[in-house]
Amino acid sequence: MGDHNKEILEQRDDLQDIASELGDLVGGNMDIGEQIGELGKELAEIYKLAGIELDMELSTSTQDLDWEDRLFIQQSDLNELEKNISTEINAGVKRFPKLSPLDWAVIGIAGTVASALDLLVVKIPKDTVYMKDHFQSGSKLTSWLRTLGVDNEGALNSDFLKWCEKVSKNPYDRSTHPDLRGIGFAPQTHRLHGLAHDPLFGIIFGLLDMINGSMTVLDKNGLVRVVKTFNPKTSQKVFAPLIWFAHIISDVCTSAGIPIPGWAFLQFAQFGKLGPKDRSVADISRWMYMNGYDLRHFLTMSIVPGAVEAIIMAYVLLMRLSKRPELDIPTSKATKELADIQQKLYLEKMRFFAHSIAVSGNALKICFSKGNPLAINFAEWVTFARKTVVMGVAVSRDTTPERIIRNSGVIGDKWEEIRKIPIGQIERSE
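Residue numbers are given in this note's numbering: position 180 of the sequence shown equals residue 180, and the series is strictly consecutive.
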């Protein structure tokens with residue numbers, strides 16, 4: 001493009017020399033010069049009547065050229081133009097859409113509301129005197145959940161639950177076993193250590209135990225043990241998934257309840273010296289389960305991330321409804337995909353920062369509770385971890401397809417703007 005630029009500039013200088021020589025010639029004969037001037041004025045008036053503004057200096061030299069050629073003739077530095085175009089085309093795509101002040105306000109509101117719910121509603125599973133000195137009140141919502149399906153003495157009061165308990169006899173529901181003494185396996189903790197009682201992963205171990213007539217246990221030392229119990233009937237093995245589900249349903253409402261999904265696997269965490277007794281993570285997780293940190297309290301904890309999601313989603317939905325429909329119509333499949341990507345990134349960005357505020361609030365709650373681990377909102381921390389992973393994937397993604405789609409749209413828009421430029425009115429560079 002540099003050679004092309006040089007050639008155009010040389011041609012322009014030749015035209016200027018010819019114009020200068022013509023001016024000297026006209027200057028030597030005032031009558032001819034006056035006639036040429038009058039003809040030029042008349043020609044300008046004709047163009048004006050036709051709605052065309054004529055640049056007298058350029059019209060004679062550029063009217064026979066295409067408008068694109070005349071545009072580049074006007075440029076004083078084509079190399080600079082090429083540099084700017086290249087910079088624009090190769091510019092990186094923003095990893096995330098920019099948030100408005102209103103967006104940030106909604107994020108702050110969502111995080112603050114979630115933190116308030118965590119402090120005032122979730123609290124801890126039940127009333128506790130922590131470290132024999134600090135009384136801390138438990139969650140009324142969790143307390144209410146513990147009354148569902150049982151009477152005042154803790155026995156099942158629902159015919160359906162009683163039926164589930166009756167038909168779900170299995171080889172992995174043992175609260176004691178002679179081969180499991182001294183490893184933390186006891187009536188109060190057998191559902192934590194018995195992997196078939198996990199509400200998420202338990203079906204895998206439950207089916208294996210039903211088929212093998214065994215019980216799979218993860219003891220307090222982080223060791224997996226499989227002990228024989230009894231061989232169920234063939235009909236029980238056929239309906240093993242239904243039996244497992246019925247057994248989980250009947251156990252949820254009992255006094256010990258069932259553990260949080262995946263909580264039993266914390267017995268593998270045989271490290272750490274935490275708290276005044278220098279307990280490991282595994283020991284603390286056992287202590288938490290024994291003090292009411294079960295699936296019912298997990299449901300209570302879930303209102304914190306649920307509140308964040310509800311507020312953010314409601315805001316985004318209202319913003320969509322407030323826009324004019326024609327503004328959301330994509331011009332092609334590619335631009336539609338780009339719009340969908342940007343919308344998802346916008347939503348994930350708001351979610352991430354709102355959950356960041358919520359987990360910060362939970363950290364303060366733990367401090368206010370004198371470091372009581374029962375104050376940890378496991379549901380919110382898991383949600384925050386998931387959103388962190390999503391943000392990491394988004395930051396490291398390949399933006400080449402997005403840049404191509406963006407450049408295609410920008411080129412189209414800018415080209416239309418260029419075509420509207422009145423070339424004849426652009427002044428020639430000296």
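I should point out that these hints are in silico values taken from the structure, not numbers from a laboratory. It is possible that part of the hints are untrue.
With a cut-off of at most 30 Å between alpha-carbon atoms, the simulated BS3-like pairs for lysine-lysine come out as follows [stated by the list, open to error]:
{"#": "1", "residue 1": "K233", "residue 2": "K169"}
{"#": "2", "residue 1": "K126", "residue 2": "K344"}
{"#": "3", "residue 1": "K233", "residue 2": "K162"}
{"#": "4", "residue 1": "K370", "residue 2": "K132"}
{"#": "5", "residue 1": "K98", "residue 2": "K166"}
{"#": "6", "residue 1": "K98", "residue 2": "K162"}
{"#": "7", "residue 1": "K98", "residue 2": "K370"}
{"#": "8", "residue 1": "K273", "residue 2": "K162"}
{"#": "9", "residue 1": "K277", "residue 2": "K220"}
{"#": "10", "residue 1": "K277", "residue 2": "K370"}
{"#": "11", "residue 1": "K220", "residue 2": "K169"}
{"#": "12", "residue 1": "K273", "residue 2": "K126"}
Pair hint K98 and K162, alpha-carbon separation not exceeding 30 Å: violated, 56 Å
So if I understand the rule, the pair passes when the alpha-carbon distance is 30 Å or less; does K277 with K370 pass? holds, 15 Å
Straight-line Cα separation of K233 and K162 no greater than 30 Å? Status holds; Cα separation ~21 Å.
Would you check the hint for K126 and K344, treating anything up to 30 Å between C-alpha atoms as holding? violated, 39 Å
Taking only the CA atoms, is the gap from K273 to K162 under or equal to 30 Å? violated, 43 Å
Given the hinted pair K233 and K169, is their Cα-Cα distance within 30 Å? Distance ~11 Å between K233 and K169 Cα, so the pair holds.
Given the hinted pair K98 and K166, is their alpha-carbon gap at most 30 Å? Outside the cut-off at roughly 58 Å; violated.
Holds or violated: K98 with K370, Cα cutoff 30 Å? violated, 39 Å
Take the C-alpha atoms of K273 and K126, compute the straight-line distance between them, and say whether it is at most 30 Å. The given pair, whose Cα atoms are some 25 Å apart, holds under the 30 Å limit.
Straight-line alpha-carbon gap K277 to K220, limit 30 Å: holds, 16 Å
Pair hint K220 and K169, alpha-carbon separation not exceeding 30 Å: The hint holds at about 26 Å.
Decide if the proposed pair is consistent with the structure: K370 and K132, CA atoms, cutoff 30 Å inclusive. holds, 12 Å
Hint check: violations occur at hints 2, 5, 6, 7, 8; the rest are consistent with the structure.
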